[in-house]
Amino acid sequence: MRMSEILIKNANVCDPAQGINCETMDLCIRDGKIVESVSESAEVIDAAGRLTMAGGFDGHTHSAGKINVGRFMNPNDARRTLVPGLSGPEARTEKTRAQVGYNTPNTYAIGYRYAKLGYTTICEAAIPMLAARHTHEEFKEIPILDKMGLSLFGSNWQVMEYVRDKEPEKLAAYVAWGLKASRGYGVKIVNAGGGEAWGWGKNVSGLYDPVPNFDVTPAEILMGLVEANEKLQLPHSVHVHCNNLGKPGNYETTIETMKMFEKVKPTVDRQALHVTHVQFNAYAGTSWRDFETGAPMVADYLNGANHLTFDLGQVIFGPAVTMTADGPVEYANSRMLHEKWSNQDIELEDASGVVPLSYSPKSFINAVQWAIGIELALLVEDPWKIMFTTDSPNGGSFVNYPEAFTYLMSAKKREQVISGFGKMALDRMVLPGLDRELSFYELAIMTRSMQSKMYSRPEKGNLKVGSDADVAIYDIITSDIDPSVEHEKVKQAFSGAAYTLKDGNVVVKDGKIEATPMGRTYWVNAKVPADIDSAMNKDTDIKFKKYYTVSKSNYMVEDSYLPNPVEIRTEGAF
Amino acid sequence: MPVIKDAVCSLCGSLCDDITVTVEDNKITKIENACILGHSKFVGMFEHDRIETPMIRKDGELVPVPYEEAIEAAAKILVNSRRTLSYGWCSTSCEAIGKAIQLAEETGALIDSTANVCHGPSALAAQEKGAPGASLGEIKNRADVIVFWGCNPVHAHPRHMSRYSSFSKGFFSTKGRKGRKMVVIDVRKTDTAKLADKYVEIEQGSDLLLITALRSAVNGHEDVIPETVAGISKEEIMELAETLKNAQFSCIFFGMGVTQSRSKYKNGDGVSSLISDLNQHSKSVMIGMRGHYNVTGFGQVATWETGFPMAIDFARGFPYYNPGETGANNVLVREEADAAMISAADPGAHFPQKAVRHLAKIPVIQIDPYANPTTEIADVVIPAAVVGIEAEGTAYRMDAIPLRMKKLIDTEFKTDEQITKDLIAKVRELKEGA
Ligand code: SF4
Ligand SMILES: [Zn+2]
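As you go down the protein sequences, you meet chains U and Y in turn. Under the working numbering, the first residue of the first sequence is numbered -9, with each subsequent residue one higher. Under the working numbering, the first residue of the second sequence is numbered 863, with each subsequent residue one higher.
Keep in mind that the hints were calculated from the coordinates and are not lab data. Idealized CB from N, CA, C, for every residue including glycine. Please note: incorrect hints may appear among the correct ones.
Across the chosen pairs, the derived CB separations fall in these ranges [to be verified]: (1) H1083/Y x E557/U: 56 to 62 Å; (2) N888/Y x D521/U: 56 to 62 Å; (3) P1214/Y x P200/U: 56 to 62 Å; (4) V885/Y x K156/U: 45 to 51 Å; (5) Q1066/Y x A505/U: 46 to 52 Å; (6) K192/U x D1059/Y: 25 to 31 Å; (7) D280/U x S1024/Y: 49 to 55 Å; (8) D280/U x Q1066/Y: 40 to 46 Å; (9) E557/U x S1024/Y: 53 to 59 Å; (10) V1016/Y x F564/U: 48 to 54 Å; (11) E1197/Y x K192/U: 51 to 57 Å; (12) H1083/Y x E242/U: 51 to 57 Å; (13) P200/U x V1016/Y: 39 to 45 Å.
Turn these sequences into a full structure, and let the hints steer you where they fit.
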């Protein structure tokens, strides 16, 4: 690598990992890393006192793989220009490929637009292992960003059989093998057992409802997989999409699920559990008629718990596309909303579905959903437990993050939105009574700092010496702005970074793409004792011989699909 | 003597990945597991009309030229063209498709796949109603009712029934064919129909009527169904609806008989709605029987690179899609295209006369391992390696499962991927010089 030095002068640094809260200082970069000092010849960027953070890290987004079904079904999305500068068609330039889209942008637009927001790392939330090559093919075409993905294990036959047969070591070996085969970074569990039930057009109704034909419960699957996850010392905890998503009253299942993990002892210094898009799982009431927020109950539990992290799944008003491995939920959505429906069940592994929809402030249900995400962010005291997401594009496209930040930072902005709601909606939420407004520091925690620990990537999400020189400079002078009042300014600034640096390269300047280097792909290679590994392989051999339609050798994603891989090895505690 | 196991057959959309190939002296001497079609592809490679060398038409005759000269001539055509049509790209790797799209983007061309003349309407149907599908192993392991509608796998996808559908055995389908009901809906009693438990003969072009009647029956509105629909008695329709409703897991495989018959995408749209309705009663999915081995891959790559699965017009610098206006066929019929690049396709065989006549008038670049009627009208011919035999790369099976095709033998021929890369570089060079 060529020796390159950059000095960012007068940066107003907000770096919660170091406890630095908007202090003006210089940042030094050499060869893509943050360093103590640089030589006289370093290139100088004058931050002019503007807000400077580590590059953003979206730890749960649907940006490669299943999103293609969304694009395919909704060609109209390509032309949507709802967020100026961050959506719709843009012709190719000398530096950039042609771009389209809003909820489901093409791969190039995903890279450029995240970078414009000052984000430099994303984690694809669902890799169906049999189709993992597809995820990596799209990764290859997403410029700038570093990428990782979570592999789906929650309705996998081999997993369920090992759980049922009480074979925790072989289960761990299988998880390690699956991550290697799919080049995944962590374990995703979507509606545990529900994907298999959906193979017969059914669902599971909760943690203790047995999966048809497999004689295991969702609770057992979750506990089996977390044991494997910790045995393998994976950098990320299990990443759980709870059962009963999208159903009134589901907050109870959510809390029950969270409680189950209290006894788990993580083998890595991070949470024992990540619960995703909790907005969709914090519903009270017994039907859509008496539906109301369950956020206070969930937040109450979270405030007393220290073993887990969660993300919001914030709703954005306007068109969205739901896409999830929760097959039965998508079918139900399409029937309820009379919307088009795509489905893709994956043999022996999981289900999935895609349904477009639109969130309207006029719908009391949508209004309450919108409020729940914000309520969770405001009611949970410790921002280190919270990752900001819209579960893009399920709750809305990531290009709306700047808008959503203002919901968290400005009570006035919230009032503006809330003033459009009907009385019924207001009765079912607690948001109007909340006056907490998050600071830049808290926002930085939720958008980059907590991800560093959550994914055990110490070189990401902070500006410590030795970390990746992924830096975002926003056109905000923190001492001169009152985000509570000047929320529009805040939104503008976060919508197009003054600078985004990726590994020390200026990739965005004044909100425009400057360079498009190729990012890395992280994947985990977990060590398993050879005897356990070969015993497990005998079992999977049978699966391939008898049930899969693809041979085992062709299942493994080849090196050529990861042009810039970073292999994370773990030792395992067997 | 190298024996290569688990090779992928790059002929039809079944993409069987269990082929064993023996190679001696860089020749394939033995092929195991492939069907007759696949087999003839693996061996036929040496027998069919390979294009042996790059050629340029001079004074009406195609004359051999060095590769670089052909690339330069092709690039010149592209640079001088105001509206190039790039067409085909379904019998090559996703890697090559990606580069072809980039080339189209950089030259402001219009790019379309052979879906334009086969399963294109299924994409339109998915845009209307979605596509509720499953991977083929779901059918193998679970399905107890299988419907082939307007397709004839016995001839078009010979191993489909044994590997994935009618005859396959799986976890819940231990009895294989015996535990399954097989229904064929077609306009004539095909060889597939002869194997069915139930053959439903439908009047030509009346698929949509039958779909609509089935939906009525499934949704409990039998009163609105006339005594005969599409040449089929109401009784038979009710019986078919019951079969589907009472299935544990049913799959409707549909072919070009459905997508290319009258009502086109409305048929696919109807099947999708029928599947949604059936799921009120039991599990049901649909899968298109895609012909060219990587027509699915073109749709995938095009969708992630441009947002659209086919018929993509880069004239304005960004992708624009309006099937019916921006289809390959359309720009030829309107005599808009002023140059064409054709990859592994024979538009002459499928396009209307008017389109073919126009094609004959404009400069044509052909990239193909084999000579075909397009060669007769081509001005620049660039021979390519056969993907899946002489070149590796990704292809998507009809159920959108991606597989890596292997390189089995060495070749002097350039790969499509290399050719498209070289064209991009040459076009850039010419543009910079200009
Ligand atoms: S069924 Fe298709 S893919 Fe399989 S061997 Fe025959 S031609 Fe090849
Ligand atoms: Zn998600």
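Evaluation of the provided hints:
1. H1083/Y x E557/U: 56 to 62 Å: The hint (56 to 62 Å, Cβ to Cβ) holds, given that H1083/Y and E557/U are roughly 58 Å apart.
2. N888/Y x D521/U: 56 to 62 Å: The hint (56 to 62 Å, Cβ to Cβ) is violated, given that N888/Y and D521/U are roughly 41 Å apart.
3. P1214/Y x P200/U: 56 to 62 Å: Hint holds: Cβ distance 58 Å, inside 56 to 62 Å.
4. V885/Y x K156/U: 45 to 51 Å: Since the Cβ atoms of V885/Y and K156/U sit about 46 Å apart, the hinted range of 45 to 51 Å holds.
5. Q1066/Y x A505/U: 46 to 52 Å: violated (58 Å)
6. K192/U x D1059/Y: 25 to 31 Å: Holds, since K192/U and D1059/Y (Cβ atoms, about 26 Å apart) stay within the stated range.
7. D280/U x S1024/Y: 49 to 55 Å: With Cβ atoms ~54 Å apart, the hint holds.
8. D280/U x Q1066/Y: 40 to 46 Å: Given a distance of about 54 Å, which is not inside 40 to 46 Å, the answer is violated.
9. E557/U x S1024/Y: 53 to 59 Å: Given a distance of about 39 Å, which is not inside 53 to 59 Å, the answer is violated.
10. V1016/Y x F564/U: 48 to 54 Å: holds (51 Å)
11. E1197/Y x K192/U: 51 to 57 Å: Distance hint for E1197/Y, K192/U holds at roughly 56 Å.
12. H1083/Y x E242/U: 51 to 57 Å: About 39 Å separates the Cβ atoms of H1083/Y and E242/U, which means 51 to 57 Å is violated.
13. P200/U x V1016/Y: 39 to 45 Å: Roughly 41 Å apart at Cβ, these two residues keep to the hinted range, so it holds.
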